[in-house]
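Engineer: Now for the letters of each chain:
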Amino acid sequence: MNLSPSSPRWLYLAIQRRRNRGLNGLYLVVAAFLIVYAILFPGLLSIGGFSKFSQNWFPLALVTMAQALLMLNGGISLAIGPLVSLGAVVAAISMGGPAGAFGGFVAVVVAGLVIGALTGLIVAYMRLPAIIVTLAGSFIITGVALLLLPRPGGYIPDWLSQALAGHQPTAFALLVVILIAWKLFLATPTGIGLYAVGDNPVGAFRSGVPVERIRVVSFAISGLLTALAGLFVAAQTGSGDPVIGTSFTLNSMAGAVLGGVGFLGGKGTMRGAIAGSLLLSVMINVMFFLGFPPVAQYVAQGVIIVGAVAIPVFASRWRKA
Amino acid sequence: NAAATCIKGDRKAPYTVGWANIYSVPTWMKQTEGTIADEVATLKKQGLVKDLMITDAQGNAQTQIQQIQSMVDANIDAIIVEAGSSTALNRVIADACAKGIAVVNFDSLVDTDKLTAKINTDSNEWGGAAAKWLVAQLNGKGKIVVMNGPAGVSVSDDRRKGAQPVLAANPGIEVITETNTEYNVAPAQEAITSLLFAHPDIDGVLSLGGALSAGSVMAFDRQGRAQVPTTGENARQFLELWKAKKLKGWATMQPNWLGALSVYAAVKALQGQDVPAFIKVPLPVIDDTSIDSYLAKAKDFPADGYIYSPYDQALFDKLLAQH
Amino acid sequence: MDVTMPLVEARGVSKGFFGNPVLKAVDIALYPGRVHALLGENGAGKSTLINLLSGALRPDGGTILMDGRPVTKLTPQGARAAGVAVVQQELSLAAELSIAENIGLGATPRRFGLIDYRALRDRAAAVSALVGLTEPLDMPVGDLPLGRRQMVEIAKALFRRPRVLILDEPTSSLSAHEAGVLSGLVRTLAAGGVAVLYISHRLNEVQALCDHVTVLKDGMVTADRSLADVSAEGLVRLMVGRDPGDAFPAFAPATAGEELIRVDGFSAGAVRDVTFSARAGEIIGIGGLIGQGQEDFLLGLYGAIPATASKAEICGVGHLLASVAAATAAGLAYVPADRKKEGLVLTHAISANLLLPSLGRLMRRGLRDRTGEASLVADLARQFSIRGDTDRFVQALSGGNQQKVALAKWLPLAPRVLLLNDPTRGVDVGTKREIYLMLRAFADAGKLIVLLSSDTPELVHLCDRVVVFRQGRVVATLAHDKASEEAIVGAAMGLGIEGVAA
Amino acid sequence: MKAASITRILFRNPPLLTLALVALVWIVAGATLRGFGAVGHLRYILELSAIIGIVAAGQTLVILVGGIDLSVGAVITVTAILLPLISPDWDSTGIVGVVVTLAVAAVIGLGNGMGQVYLSVPAIIMTLAMATFLQGLLVLIAGGSAVSVTNEAVIWLGSARPFGVPASIVVWILVAVAVLIIIHRLPFGARLLALGANPLTARLSGVNVNRTTLAVYALAGLFSGVAGLLVLGMNRQGYVGIGDPYLMTSIAAVVLGGTSILGGRGSYAGTIPGAILLVTTTALITVVNASPGWRSIMFGSLILALLLISGREAQR
Ligand SMILES: Nc1ncnc2c1ncn2[C@@H]1O[C@H](COP(=O)(O)OP(=O)(O)OP(=O)(O)O)[C@@H](O)[C@H]1O
Ligand SMILES: Nc1ncnc2c1ncn2[C@@H]1O[C@H](COP(=O)(O)OP(=O)(O)OP(=O)(O)O)[C@@H](O)[C@H]1O
Ligand SMILES: [Mg+2]
Ligand SMILES: [Mg+2]
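Residue numbers (this note's numbering), protein chains in the order written: chain A, 2 to 322; chain B, 30 to 352; chain C, 170 to 671; chain D, 75 to 390.
Bound-form chain A, shown alone:
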C-alpha cells in the first residue's frame, strides 16, 4: 500500500487551480458578455477602446477587492462609498497644494490606511459588528469629505489625468500590478491567515495565527484600496466630488457576492470578486449597445445578477442528477 500522499509538483499552482472551482459558470457568463460587447463594439479591441473600458471598470474592481477582502475575513464595510469620495476629495484638495501630486498621493494613501486601520481596531479589539461600525463610519467619513470640499471642485493636474485615464491602458496595467501584489500577499502567512481567521477564528487563534492583527491589517488594506479607487476617480474626472462614491458601497458588495464571496467569512476568492465586478461593469455597456430603454435596463440588470448566481448552481445540480 502506497502511503505517500500525492504531493503535486507545483503545490502553489495546484492549489490555485482548485480555487477556480465553482467559478467556471461565472467565467463563462463574463466571457459571453465580453464577446457580445466586442461584437457590438469592435472598437473595444483597439488600444483606446480597451483603455476607456478598463478605466470605467477599474474603480469598481478596486472597491470590490476591498469589500471582498473584508468579507473573506468575516467583516464587511458599508463605508466603501464614502471612503471613495473622501479619497477623491483628499486628492483634489491636496494636489494643488505645495506638496504637489506626489504629496496628494501620499495623503490619499495615509488617509485610506489610517481610516481602515482605525475601523479594524474598533471591530477587532472592541468586538463590535463590522456592519454597524462601518455604517456609523460612513456618516463620519461623509461628513469629513463635506467639510474638506463642500461642493465638487478641487484640482487634479492634467498630466495625472492623462497618465491614469488617458488613451493608454494604464488602469488595466495598474490592476494587473495590484492583482500580483494581492497574489504575493496571499502567499504570505498573513494572507492565508486571512482565510483561516474568516473561516474559523478560534481554530486560527489556537494555531498561532494573530487573529486581531490580521483583522486590522485587512481593514487597513481594504481602506487603502478604497481610497486609491477614490484617487483614480479624481484623476479620471479631473476633480473631487464629496458624494461621487455613494453607490460604490452596494456595488462592491454585489460584485463580491456575485463572485462567490460568502458573508460568513473564509469563503470565496478574489478572482471571483474581480470577475463579478467585471460582469457588473460590462453589463452596462452591453445594455447600451443593445439599445435597452431604462425599464429594460433595470429589469435586465436584476435578471443578469440573479442569473449569474443561479445558473451555475442549476448547472451543477443538473450535472449531478
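Source of the hints: derived by calculation from the structure; they are not laboratory data. Take the hints with a grain of salt, since some may be wrong.
Below, in silico cross-link-like pairs of lysine-lysine (DSS-like), each with a Cα-Cα straight-line distance of 27 Å or less [what the hints assert, rightly or not]:
#, chain 1, residue 1, chain 2, residue 2
1, A, Lys268, C, Lys510
2, B, Lys172, B, Lys274
3, A, Lys268, C, Lys509
Assemble chains B, C and D with the ligands onto chain A, guided by the hints.
Structural biologist: For chains B, C and D with the ligands alone, kept in the frame of chain A given last:
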C-alpha cells in the same frame, strides 16, 4: 456664420440623439423625458432625427461616465446630458466634443466649457429672488429656516449662495437653522417638525426646492401651527397646498421642457446654426396673481409632478437667438 | 524516580468559567518519551487543562512550567515556540484552504517573507505520509469527510516537529484501522523522545498505548500513576471511582417484528446499489473504514440527501422519503455524528434544542404551551440526567452532555426508527454505558435502531447484524455471532472475508 | 453591589439596555434642548419610529433567520405609489385598495424568498436584484398617472388619533405584539431562530427550511407594505425615493437592538427601542445648527458611541 462649439459639420441628418440621464425614476425626470420624447417625435417627422437612445445611470456619476463613453464609442450625433456631478463628467464630455458630437447639458450643469451648449435657469438668481421675496414679506425682520437640497450638490449650493447676499444685507433676518435633505417631501416634513418643537417662533421658510416646501407646509399644518411665508417651486403638491392653506407663497420653476430645448438646440447646432454656449432660460415667477393659471392645468400633471409653463418652437427659437 | 525533567508541567493550576470552577489545583507533568493518558468523565476539565498547557487559555491560579521554568502569560505562539503542539478536539481547520496550507497554518516555512510552497509541500507530504493521509495536498480541507479532517489535524500538529504532542480525543471519529495507524505513530514519536499527552474515552486504546495516567474528576486529580500493572477493569475503576460493571449490556437477540425498512438498489451520495432490510426491535450496526458511504446511507434513508431505489418501503411508506419532514412524520429520527455542526444549535438554550423537533405538538389556544414545554424539558433532562439549568446555552455543556441533548430531543416524537451516526463519539465510559442501556431499551420497546459506529466493539457487542460498507457498497453482512472485531475490520479493508447475506 | 448587579442585568439583556439608552438620551436632550421632551414631540418621535419600527419588524425576522433584506426601501416606495393607482373608486372605505396593496407587498417579499429557495441565490443578491426590478417597475408606473391619495383608510392611518394616540403608533403596537408572539410564542419563531443559528441542524431536525424562508420574506414584504401605507398617509402622496431612508435605518435599528447580524440570536424587543433611538438621534441632529458635514459626523459618532455601550456582546 461660425458653427457652435464641438460641431465639425461632418454629420448629416437624420441624427441619432442620446440622452444620458443620471436617474430616470424621479417624477421630474420622467416628465422631462416626456418633453424630450415629444421633441424627438416632432423632429423625426421633419426627418431630422432618426433615433433616441436613453441611458439611466441609476444615480451613479461613475456609471454615467461609462454610459457617455459608450455613446461616444457608438459615435452617435448628439448627447443630451443631465449631469450627476458638476465635475465628474468633464473629461468624457470633452472627449465627446472632440469627436464632433453635439453635447448639450441642461438643468444640472457641468463645469467644463468643452461642449456645445449649457441650458439652464440661473440657480443664483433663483436663490436671490426667493430670499428677496421672503425678506419683503417679513419686512426685513424675523427668524427664518433655510431648507436646502442634499449636501455636496452644486445646484443646492448655488441656490443657497444666491440667497446669501440678500440675507447678509438684511441683518434683521435671523437664520435659525438650515436643513439639508433629499429634494423630497418626507425628510423635509420630518426636519421641519423637529424644528417646530425646538423653535416656537419661526417667521418664514426659505425653501430652495419645491418638494421641500410641500413638506414644510404639511409639517406646520400637522402640528397645528399657523402657516408662515414660504418660498418654493412649481411642484403640484406645493401649489395645491399653497392654495388650500391660503399661505403667503412664492414659487419659481425649473421647466421640464429644458430637456426638449436641449434636443432642439443640439439638432440646430448639428445643422450648422450657431448656438450660444450658455442659454439662459428666464425664471418664471408664480405668485398669488398667477397661481390659479397653473392650478387650472394641474390635472394634466402627475400628483407628485411639476406644473410647467407651456412651450413651443417659437419660444425655443427666441431662446436660441439670445446672446 | 525519573531523573529527566518534565518538558511541560502544570502545578496547582485552576480555572473557572463565569465563577464555576472547572479545574481545582491540578498537577500534571509530561516527560519525554512517555505516553501520558489523561482520563476523566465528560466535562471533567480535560480539554480545559490542555488549553492551559497550550496557551489557548490562561489559568486563574497556579503555574505552568516549560522545561522547568515557569512561564507567565503563555500564548499559543509561546507554547508553539516551546515545542508544544495540540491536536484539538474541536477542529482548528479552515475549510477553504488546502490540506497543505492548513497543515502549515501559523508555522509556515517562509522565503523572502512569502510562504515557501516547495518546502511546505515537502514537509507537509512527509507528515501526511506519517499519518496515512493520501489525499492530494492541494485539496481544500472542506472537501474531506470528518475523519479525514481529523488526520489533517494530527498532521498539522506533527508538522510543528513537537517535543510535546497533545492529542485530545484524536481517534473519536476514526475507525479501528486509522486508529491503529495513529497508535503506531504515537509509539514511534514517543520512542523518539517526544512527550505525548493522550486523551481518549476509548479505554482499550489507552490500555494498549499509554505508560502513565492522570485521572480528573470534578476538576481534581484523583489518580496519577503508572499504567504498567493496571488491567482494563482497573482502568475503568480508576476513572469512574467505583466498580464499573460490564461495559456493554447483555446481548439479547431481537424478537424481530414488522419490517420497517426495505430498500432495493438504493443509491445516495457515495452509496451505490445497496439492498437492505431491517425489522422492528433490531439493532443493526453499520461499519467500515471512515467515509465509505455509511453516512450517506443514513442521510439517504432520512430524506436529507437525494436518493434513488428500485424498490423501497420505509415505515409503511411505499417509496423513499423525499424530505426530512416526511421522514420525521413517518417516524424516523437521525442523530448526526458532528453534534456541534449538525445535531445542535450551540448558541441556543438546552431547552430550545430539546424542543426543536417537537415544536408545534404542545400548543394551547394556538400558542406554544409554556408550562407543558417546561415539564417536557424537565422530563427529558431527568431521563437523560442532564443536570443543571436548561436555560444555559448548549455550548456550555461538555461533549457527553451535548450528545445526550442531541439524542434526547427526538424522544418526544416517539420515533420508530433511530438512525444513529456515531452516538458515543467523545462520550465517557459512564455515559456510553447509559446510552447503550438506552439503545437496548429502545430495541426492546420495538424500535429499530440503525447504529453507524466508528467504535468497532460497539458493533460487536450491541448489534444483531453488522453491515460493512466499502466504497459505497455493502461488502459484508455479519450476524451477531460472526461479528468479531477482526471480521469487521477485515471486511472493511476488503480482505474478502465472506459475510452471510441477510 | 446593587448598582453592579443592575448594570449586569442590563448588559445581559440588550433590549433593556437599548431602552435605558433611549431614556438617557431623552433625559439629557430634554434638559438641554428646548422642545425636546414635550409630550407632543415625544408623540411625534414615536410616530416616526413606528414606521422604522414596522419596517424593522420584517428586517428583524429576516436577520434572525440569517438573511438580510435590501429591498425594504423599494417595497415601501412601490406600495406608496401603487396604492392610489389601484384603489378602486367604488370602495369608499379604501379597505380594498389597502388589502390589495399589502398583498402585492407580501408577494414581492415571497419573490425574495423564492429566489433564495428555488434559485439558491444569496439573500443579499436576491433582495438587491429585487430592489432593482422594483425600480424598473417604478419607471413604468411612476410619474405617468400618479394621483394624490384619496383612499380613506390610508388618510385615516396618517391623521387619526384614537384616544390621543396616533394611528401609526396603534398599528406599530399591533405589529410589535404580533412579531413578539411570532418569535417567542409560535413554533414558527423557534424554527426560524434555529434556522438562522444553524441551518444544517434545523434541517436535520425536521424544520422545513423552504417554507420557513418563504414565510419570513413574505412577512418582511408585508411589513414593508404596512410601513409604506403609513408613510403615504403621513405625506399624503407617494413619490419615488420615499422608501429609501428606511433601508439602512431598519438594519441599524435591528443591530442596535442587540440582534446578531449573523442570525439566530436576538429579539424584536430590542429593535423597538433601537428604532426610537435612531429617530431621536436624527431629530437631535436636525435641531443643532451646524454645517452638513458636521451634522453627518455627529450622527455617525453618536451611533458609534451608542454601539460602544450597547453592541458589546452583539458579536459571537
Ligand atoms: N457554562 C456553564 N455555566 C454554568 N454552569 C456550568 C457551565 N458548564 C458546566 N456547568 C456546571 O458544571 C457542572 C459540571 O458540568 P458537566 O458538563 O461536567 O456535567 P456533568 O453532570 O458532570 O456531566 P457528565 O458527567 O455526564 O459529563 C454541572 O453541574 C454543570 O451544570
Ligand atoms: N468556554 C467555556 N465557557 C463556559 N464553560 C465552559 C467553557 N469551556 C468549558 N466549560 C465547562 O468546563 C467544564 C470542563 O470542560 P472540558 O471541555 O474541559 O471537559 P472535558 O473533560 O474535555 O470533557 P469531554 O470529555 O466532554 O471533552 C465543562 O463543564 C464545560 O461545560
Ligand atoms: Mg461530567
Ligand atoms: Mg474535551
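Engineer: All the hints need checking, so say for each whether the structure fits it.
Structural biologist: Hints, one by one, checked against the model:
1. A:Lys268 <-> C:Lys510: Answer holds: Lys268 (chain A) to Lys510 (chain C) is near 17 Å, not above 27 Å.
2. B:Lys172 <-> B:Lys274: 21 Å, holds
3. A:Lys268 <-> C:Lys509: 20 Å, holds
In summary, this structure violates none of the numbered hints.
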